[in-house]
Structure formats: C-alpha cells, structure tokens
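S.K.: The task is simple: from the sequences and hints, build the whole structure.
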Amino acid sequence: MLSTLAMSVPADSNWINFDVPALIQNFWSATFDGLTFGAIYALVALGYTLVYGVLNLINFAHSEVFIVGCYGVFFTLSFLGFGPSVPNLDFWSIVLNLVLALVVAMVASALTAFVVERVAYKPLRKRNAPRLVFLITAIGVSFSIQYLIFLWRGPNPEVALTMFRPTPIFDVFGTIIDSQQLVIVLAAVVMMVFTDQFISRSRTGRGIRAVAQDPDTATLMGVNKERIIITTFIIGGLLAGAAALFYVMRIPSGVQYSGGFVLGVKAFAAAVLGGIGNVRGALLGGLLLGLIGNYGQILLGSSQWTDVVAFVVLVLVLLVRPEGILGTSLGRSKA
Amino acid sequence: MSMVDGPTPLPGAKASQAAEDREAAKSGPGTSADAPRGGMFKSFGARWNALPRQQQWAWLTIVVVLAYLLPVINPPLISTEPGNNFALACFDMARFALIAVGLNVVIGYAGLLDLGYVAFFAVGSYTAAMLTSPDSTFLKIPYLWTVPVAMAVAMFFGVVLGVPTLRLRGDYLAIVTLGFGEIVRLLATLIPAMNGQVGFQNVGHPPGLEADGTPIFSNANGTPWYWLVLTVLIIVLLLAGNLERSRVGRAWIAIREDEDAAEIMGVPTFKYKVWAFAIGAGVGGLSGALFAGQVGFVNNQKFDVVTSILFVAAVVLGGAGNKVGAVLGGALVSYIPLRFTAIAEYKYLIFGVALVLIMIFRSQGLLPARQRLLAYGRLAYNRVAASGKGGTPPSGGAPGTATSTEAGA
Amino acid sequence: MSTTEPEMAPENERGRSSDAPEIDEAMMAEQGIDMEVAEAVAPDREIAVEVGDKLVEVQNLTIKFGGLVALDNVSFDIKRGEILGLIGPNGAGKTTCFNAMTGVYKPTSGKILLEGTSIGGQKQHKITRMGLARTFQNIRLFGEMTALENVVVGLDARHRTSVGGALLRLPRHIREEKSAIERGMALLEFVGVADHAATLSRHLSYGHQRRLEIARALATDPKVLCLDEPAAGFNPAEKEDLMALIRTIRGDGYTVLLIEHDMKLVMGVTDRIVVLEFGKKIADGIPSAIREDPRVVAAYLGEPEDDVA
Amino acid sequence: MYRKKVITSLAVAATLGMLLSSCANQASTGGATTGSGNRIDIPALTKIDTPAGAVLPAGDGKGTCPSTTTLGYIGAETGANAQLGINIFNGIQLAINEHNAANAGCQVQFKKFDTEGDPNKATGPVAQAVSEADIIGVIGLPFSGESKATGNIFEQQGLVHITPSATNPTLTENGWTTFFRGLGNDAVQGPAAAKFLTGKLEAKKVYLVQDDSDYGIGLGTATSAALGSALAGTDKVTTGQKDFSAVISKIINSKADAVFYSGYYAEGAPFDQQLVGKGFTGTFVGPDGVKDDQFVKLAGDASNNAYFTCPCIPGELIPTFESAYKKLANAEPGTYSIEGYDAATVLLAGIDKGKQDRASLKDWVKNYDADGLSKHYKWNDKGELQAPTVYGYKIAAGKIVPIGPIGE
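Protein chains in written order, with this note's numbering: chain A, 1 to 335; chain B, 1 to 409; chain C, 1 to 309; chain D, 1 to 408.
I should point out that these hints are in silico values taken from the structure, not numbers from a laboratory.
Taking lysine to aspartate or glutamate and the DMTMM-like style, the derived pairs with C-alpha atoms no more than 20 Å apart in a straight line are:
#1 K126/C / D258/B
#2 K382/D / D135/B
#3 K111/D / D134/D
#4 K278/D / D301/D
#5 K302/B / D118/D
#6 K347/B / D118/D
#7 K62/D / D357/D
#8 K111/D / E81/B
#9 K123/C / E259/B
#10 K126/C / D260/B
#11 K112/D / E81/B
#12 K264/C / D293/C
M.R.: In structure tokens, the structure reads:
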C-alpha cells in the first residue's frame, strides 16, 4: 500500500525518513513507554478476546465499558479530593484511595458489560441472529453509550486528576523507569496471569473454555451457557475497569466521552495481532502494539505515524499468520 | 475450520423438519416460505410483484419524475429550509444513497464487513481534487474526466487492499478494513502532496455558465448537482441490478450464505470477493469525486471511522442486501440531521439507539433483502405457479424482473 | 435389500442408453418428465460410455493433523460408471478422505488423480470444474436463495460470462441465463423439487433440501458425484426413493462416490465398497464379499450401527 | 483559530495600540509557584483603556432601516465545535440588541445557520443564507476549512462577510472581494511568538511541536522560520493523541529550555502535563488554540510553566462589555466573543449610515476606518486588518492573565 501511494506522489516529497539515530538514542525510553501503554492495551484486549472466544462476537461496545470505568475512576477520585495538583497525602493513603477507585471502576465497567449483554445481545442470541446483526448491535450500543456520556458530560475532557508524582525507581541503560510505569506494568501483568490461571484452572474457567470450544456440547455436558456468557462479559468488564485506572493514571486528562473509541480499536487490533480468543495472545499483542507504535513513531520522525505503523504491522502479521501470532485458542482447536 | 464439524448451516433444519413437512403438506408448497418476513413491507412487496409489468413501469416513472422534481417542488413539511438549502440537502441525500448502494454490494451482497469504506470515498475525493484544484501540483484535467479516473483509482485501491486481505475471514476483515480506512486518512495528513488539513480549494465542476456568468454547477447551486447525482444513482442501480441477476450476484449471495459451500460448488470465491470489493470501491470513489466537485474543497477531515460506521448504518438500516433499501437508508441517514437541526446534538445517540432497536426488533432492516438473482426467473416461477402444483409464488420470492430496467424498483 | 450382484460391468455397459430401473421410471412418470438428467445437465457433453477404466485414482493418500494421522497410506480407484461406497466406523477417516478429494484438505503425502490429472493443491472451485462435485453431510444450501437459484449457482460453474458481460447484459449472458432457467428447472424436476422452485431453500422440507443438494451438485456437470451421507435423517421410504435416484444418476452415465453409514443402503445400491478403519483401508470389494469380510464385521461389531447415524 | 476545539470561557477585552502594558504592574497573586528557577516572571496586566472614539453598536440612535434588514451568523451552533460558535454569536447578539435598543427606527433581524464547523456541511447553510435576499451582511465563518469551502458562494452573490476567528493566511489569497478578516492571521502570530520566546522568555533552545491541523502547520511553519537558530528540533503530533511519551523523550534528550506547541489545547494540555511529569523544567508556550481555561483544567499543576500568545484582546479587562455579555449569555465572554461583537458593530454602523443593500454594505466595510472596542478596523485590499496586535498571556493562580502586547 505504501509503495503504491509513494508512486503516486511527486518525487520531490521525501515524506518517509528513517531516523535511525533517533531510534537508537531513544530506544530504551521508547521501550519502557511502549510497554506501559501496551499493558493497558492488553488489559482491554482481554475483554475483546474473552467475549470473542465465547460468542465469536467483536464486542464493539467494550471500548465504552472501558470508558465507563474511566468515569468511575474520575468520580471516585474527584470525590476523594484528587485534582490537577499532586495530592498532599502519604503513601498509604494514596494506595488506599487508588484501590478504592480501582474497585469502583471495576464494578462500574462490569456492570456496564452486564447490562449491555442483557439488553443488547441476549435477545439476539435467543433469536439465533446472524453475526452481522450482532456486530451492528454492538456498534449501536457503543454509539449510544458514548453519546449518552456526551450529552451528560459535554464534549470536553474532564479535569485532570494527578494520582501521584512519578518518582524514579530504576535506571536502565541511562533511562529512568519511574514508579508509574512500574505500577502499571506490574499490576497489569499480575492481573493477566491471574486471568490466565483462572481460565485454565478454575471450574468456571473450564466452563468458559468448553463453551468456547463447542457451545452445544458444553450445554449437553451440563454447563450453563448463559451463566458462562454473562461471567465472561463480567470478567472482561472487571479487567477493563482496571485498565481504566491505569489509563487515567497515565493520561490524567484522558477522561472524555470519545476517549474509549480509539483505545478500543487499538486494543482490538492487539487482540487480533496476538490471536483473538487467546488470553496470552492478548498480552503479547498489547505489548507488541505498544512497542511497535512507539518505535515506529520515533523511527519515522513523528507520532502521526504511530497508528499507520501499528495497522500496517497488523495487516502484515495477519497475511503471514491469518489467525494472529499465537493463534485462536480459547479451548478452540481449528483443523 | 473443519468442514464437517461445524454447526448445522441451516439452523434447525433437522429439528424443524417434521414440523415443516407437516406444514408443507397442509398448506401446500411455497406458501409457508416467506411467512417470517412479515410486516407492512411484505404486503407492499407482494402487491408490487403482483402488479402487471405496465403498471410497475407507470409507477416507476412517476417515482423517478417526482424524485427529479423534489428540489423544485420543495415540499413544505419535508423541506430542510430554512436551516439548510433544500436542493443541497437533496444532493446530500442522493450522495449518501449512492454510497450506501456501493457499500451494499460489499456488505449486503457479498457479506464482507467493510468498516473502512470511507477510505474509497476519500480516494475518490482526493483524486478529483488533485486533478482539478489549483492547489495541487499534478497535471490538470477537466472535472468530468476525473470522475471515471476517480472510480478507476478507487477500484485499484480496492483490489490492492482486497487481494491480501480478502483471504481473511469475517471479523479479521473488519479490523483490517478499519485499519486501512485509518491509514488512508493518516496518509492524507502525512504525505505533503496531499495537503493535510490545508486541503485543496476550487475543485473543478462540470462546465456550463448561467446567464449571469456564474457556473451552473456552482457549489451553492444544489439542483443541477442533485440531478447529476440522481442520474448517476439510477444508472448505478440499473447496473447493480444487472449484476444481481447474473452469475456475479448469485456468486456474491452464495459467498455470503456459505463461503465454503460456494467454493465447492465451483464459485471462485476469492475472485468474486475481490470484485465485490473493487465494485464497491468504484462506487465509493465515484461518490467521492461527485462530492468533491460539489463542495469544491477537500481536506483530511471527516474521513474517519465514525463516518465509515455511519455508512454501514445506512446500509443496515435500509436492509442489507436490498439496493432499494440502501437508497432509503442512505437518504434517511443524511436527511434526518439536516431536517431536524434542533436535534443535531442527539443524532449519534439516536443512531445508536435506533441501530440497537432495529437489530433487535427488525434485524433485516426497513426493506428486507430479497435479491432477484435470475434474469429470467419470472418465466420459470410463473410456470411453477401456473402448473397449479406450486400454489402462489412466495411474496418476496417471486422475482418478477425480466429486464434490467426494473432495477430501480 | 442386497440384490445387487457383482454385475457392475454388464449394467454399466448399457451406459447412457440403459433402461432406467423401474422405480425411477415410476417416479419420472409421476412427474411427467421425459427427459434424462444428462440431457438437462450437459446437453452438449459426450458422456463416456466406456466403463471400467480408472476415473479417480487415490494413491498412497496420507493426511496428518498435527501428530494425528487421519488417513494412512490409503489407495483405491473409482472406476468410470460405478457406484463406489466408502464406509467405515465413526472416525475411520471417510470424511477426511472425502475432504481431501474435494480439495478441503491438502494431502500430507500421496496423490489424487482425476482422469490422470492431479487434483492435489488445486483450488476447490477448480476441482469442481475439473469434474468432481459433492454434497454435504449436514446440508449446506444457500438458505436465502430459492431452490432454482441454488441449482443455477451450480450451473454457473460451467458458465463463461464475465463481470463486464453481466454488467452490460451482453448476448452470452442472456443466452446463458435463459438456458440456466431451462436446465435448472429440468434438474429440479429430476430430483422432484420443481414444485418448490420459487421457495427459499431454508424453507424447504428436510427431504427436499437433501434432494436439492444433489441437484445443485449435478448442475456443475460432474464426472464424479460425491454424496456424503445423503440418507442421513431419512425414513425407510425416503431411502428407497433415494436409492432409485442414485441409480438413475448412475444410469445416466455418472460415476458416484457414496459415503454412508446405513449398511442397507450401501449394500443395496453400490457396485463396490471400500472400507476404512482408523485411517487405513481394510477391505475393497463387491458388497457381498464385504459383508462376509471378517475384518469388516469386526470393525462394525466394535461399534454398534445404531450409534453411527 | 478556526477549528474543532471548544473554547470555554475566558473573558477577553480590548484596547487598541494604546494599551498600556506599562501600567500593568501588579504582581500575579499566588499560583505560579512551581519552582523552576530558570523561569522568567512577567507581571500581569490588570487594566487596559478602551479607545476613546470606539464605534459602538448603538451608534447615534438615529438609524432608520426597513424592518426586514437582516444580519446572519453562519458557523457552528452544535457539534464538537459548538462552544466557539456560541461565544461568537452571543457577541453578535449583544451588538444587535444594543443597536436595536438605541435605534427605534432600525430594528435589525438576526438569523443563525449551523455548519457544525464542518467544511463538508457548510455549503448547505451558506447557500441558504445567500439565497435569502434580506440578509445583507454575515459574520462568519469561524473556521478556515469551511471558509475555504464557501468563500466563492459569498463572492458570487456579493454578500460581505467578516470572519471573527478564521486565521489561515491563504484565505485572503483567493481574490474574494467579500471576505474580511477581523483579527490577525497566523503569519502575524508566528513571528510574534518567536520574538516572545527568545526575547522576553530568554529561551536559548526552543523545541517546536505542531499538530496535523491546518492551523498548527501554518503557525508552526511561520514560527520555526522566525526562530531561526534558536530552533532545537521539531516534531509533529496527531489530533486526538493522548500519549506523548515518544515526543517527550526526544525533547528531553535535545536539552531544549522551551517548547512551543502549535496546535490546540486538547492535545497541548496533556502534552504539557506529561512533559512536566517527565521532568521537563523549561517553559511551555502555546498560541490562541491552546489559550483556554480548559488547558489549565486539563494540564493541572503542570500548566504553571505555560505562556500563551494570541491575536485576541483581553476582553475581560473591559468591564462594560463583560457585564453586558454576562447579562445576555449568563456566562463570561469567551474567546472571540468580542471579535464577533466588533464585526457586527462594523456592519450595523453601515446599516445606520444607509448602506442597506449588499453592494453598498460591502463597499462600506471595504472603506471602513475606525476604532472598534477591541482594536482599530481598517482592511487592506485583500481583506486583512492593517494593524493587528498579538498579546502574551500567562497563568496566575489557575487563571490565564494577559501580560501585554508581544512581538512589537
């Protein structure tokens, strides 16, 4: 695609420059920043992947499940007195407040996911509707939630919330890793490992895998399909709520009605990149997408390239591995 | 996926077999066929198909004449004035209808979910702009020539995108097309020759001057533009009808219904998917070029994912797979915010809620799809009906179209 | 019903001009047809009357999925003009073999030749055009199309109209569309679904759907017609009709490959039977011989027939 | 400033060239206490004089005109760009109300047309407006894109229009005789900003970051040219971008002591916030697109290092305008409210002088030469103001306050 476009452009415009020195100079900071954002992508991507695994549905409304979580964080922390300034609190009070915000966000997101499932998808499932219908419904739900928030909160982002001032922790290859990056990456990875173990070990997890593999047989074997589906949506919601906290931590002024959409698209791309339906694929895809975007924008000289690079890589990966890097396997084995 | 382990492709075929057999025996063949397709539209479709050809022709002529006269009549309740010039509103409705008809080929016929359709519209717009605007460094050609060029360029992009990605199935295609749409928009920003948000001014228009020296196709003059797009729309509808009632249309529907089975029945599915993509892209490019000519200014705004999704919404609202439905859906999606400017704030919310409600309660859209896939089907079906054994032909299923000229029905 | 003797050759020698079996005649009379299926499917085609030569050769076919060997070095032939049954217990590899022949799976090793040309690695639609058509175990009609349209999709495999030709309604398009209606209706009459030509296929009864699948496959003008458990879900009377139909098809000069669980049907209609078990061929012979074969008996005793359908 | 960002309230008022930056001696109160020692403290302006002879909408009260005489506003009323439009048409409404109250014999009508600020939607409303013969003058369109798309329609119909906020320099290169710009364009602001950075702010190495908008690119180009050797590097960001870590690491590695962000506050605010969060201690300067209370809200504490440039006038320092506006709109005057007010005043003065058809009103504006509340209005033959001014602003106690004209 790039080459064809390049041909159609007058020769005088060298609009692609590879700035290798800049990449070398900024390599480690790009890596750590990419991993931080990638971890957030990955948490949201899990929600897409789980629902896709069980229902074969791209839950386009998941980005709104996420943004509702962001508003949960915003209202909780605003209520607790957080604002644009660095809070004047001791370490444990901050931790306590953040945990509270985390819980509220997770509950808010999970509740949204639950309502979306019940109101929009369940009636369709009952009628055995074609998949396009599900997808359009998902898009409709996404628009509805987004613009409900728009009408309620207006077009502007909410006031910035600073949770704590990032302090340097490590110095790796001359680049500082700060406390914020560390908190986000560690917490996200812990949550994902927990989710992975839950899916593969617990009784409910086995049920999820069984439904993903073959809903009809799973039902015959005594698995309550409806309960599994709703559980899957709720797990996705909980993770999206957690992602919301880290997102607001990273981008304090990112709470906005439309804030979820772009991130949702990226997270979905991450899920596809890693292999949709695959829990570990979501982690891998998220981190990779974060890294690729960051390297790409530095190499090509402007952050306007981030999405172009990310999507081009996604397309290329899909051409080589049509089912993503790790393949689709939430209990599914395709011949 | 394995071919044999999949779910029963015709849901409940086995389970409901006995019931259907009984019903069929009782009521005679054919009559139960389209029972689920209820509602007032069904009776309309049935009545329409029952009309003799001459009457269908007469009604069609009236509808087309009324459509042409729409901006001249400027009917009081329907008019978008005083907020928006009604002739231009008509133009916008026709443009949206044209886009929806093109996208309907991709989504409605071939069942390929394209979430980046706006990219082809953008390619068409930019082609027309860059070949006519004084802000561009390219060679300049008369505007009317840019229209076929824009179609060709958009089709080329359709093929370039389609060949690698159409091997992917369903949802992967959705994300890849969505990504492609974003890439085109971002490249319009990144490539200096495409002028980013600065854009191209004074895009060309068809020749001709009014008595007072202003161009007939001035961007303030909606009526000639509307007539132009309406004419193009009718031609595209006729051609789409031709394709629908040919092996091409049958191949598309077969792919939509069961891609593996289609391939095994000898349909070169990949080739026809690329064709669907290319034809859809061509119509998108065509509408883009017409739009660029009317507005006279093209920049990188408004070629975003949300616009793509509005296009999809137009197709689905009208009834995916039905080209007349696509016209209706496209026109409505454009008309409602222009007419009810007071509710502009709410339009996306209304869209969202409407999409959900329509999908839940009327998932086949306002005008449910029923393609007529045989150019001479009426001959055969009439024979079946006449033989007395077949009962009445099913309402939607009596493809009463023997010539392409009815495509606009 | 095991009347079929190993008299494959004599019956087939009658080839296209054979007298149709009586059931078939009755059926055709009932529907007022006086046209043979070959006439409808391929009016211009020379049906090869020479029988007995190898039409399809499966040579040392092996298919592996990961570590699992689904087919292990299987070889057999389909001779022109015969009805070959492919049987075996569940999981024996019948459907895998079938899918390999129709291009769904790629052979890990070995070859499949149709009239001496390898079909391995060909695209599925090309294989269909080479002359190999199939039906599906679980019906896969195009649900939103009428019965007639379904059949015409099959006929399109032999059409040569281009996209441009269809767009502009060039003469070839018009010619092909007109003949498609005639031939499609003839095929529907042949399988007995003509009354429902205008009915959406998803609204057809189960039996009609099965028959329509056969008509659609026949429409592609195959050299070999592969039927994947065509009698699944049929009652005995329907099975009788189906057997008659298959015989008529063969009688008109088509070669048929039949996968079936129902032993009665297989024994009643086939000329020859290949038996698979655990991915290996364990027997190959005329029905009466297969019936006596101890290994086949053992294989089937291991799994009661009731479970199989 | 012409694009899709909502600008919320910040009072802006005006004087002309005679503004007294010298009388602005009061130190800023509190607030700006972030302790980067290398930051220059420039005192805030507290009051400015309005020109004594400023033309006001009321005029002499003796105007007469037909009751059908109508002025139009065409621009965003709804959508994401609504706030800017509301600021403008409230300013216009105020001017018309004052005029009609004082001139019983001339009751001018006011009609609004909604474009959502979208060039693709603008032709419908503009075509509608020009087709209504009673409309003899228009204030609009606020954004450059929509102005480009529709300028020729006004030209064809000879309908004069004054944009209160579209700043793209090329708009006056089209040969349109009906287009007039009521403020300085980007080509004026860029050099002023560069001079402000290297002069008053004493920056040695300036890193310039621009967004992908028409505005950001144009202003960025003008500024970087004027910065010359003080330019330490440039980068581009995207509208809607949330994460700026890659840009920031480049800036920090470049050891720049100031950043000029050529774009809008929606990206500028999180950018500055993340910049400071990553340990950047230099100053941050943004143009009128960034100068907004939303910036302070979104950037939080980080905004203390921020300065702004704007071709707009600090309207909140003109008490009469501020109180009248508040009474009408129940809100503080916003960015470009006074530009809308002044533009309407120019047209109303013409109507009172008997210029009551499109042709004569156009000539009136063309030859206009008088003070408005915010500045002196006299256009050159292309439709640009002859003497626009650019103001500098800073943040004090969480508020944006003017620090006087820059770039002179």
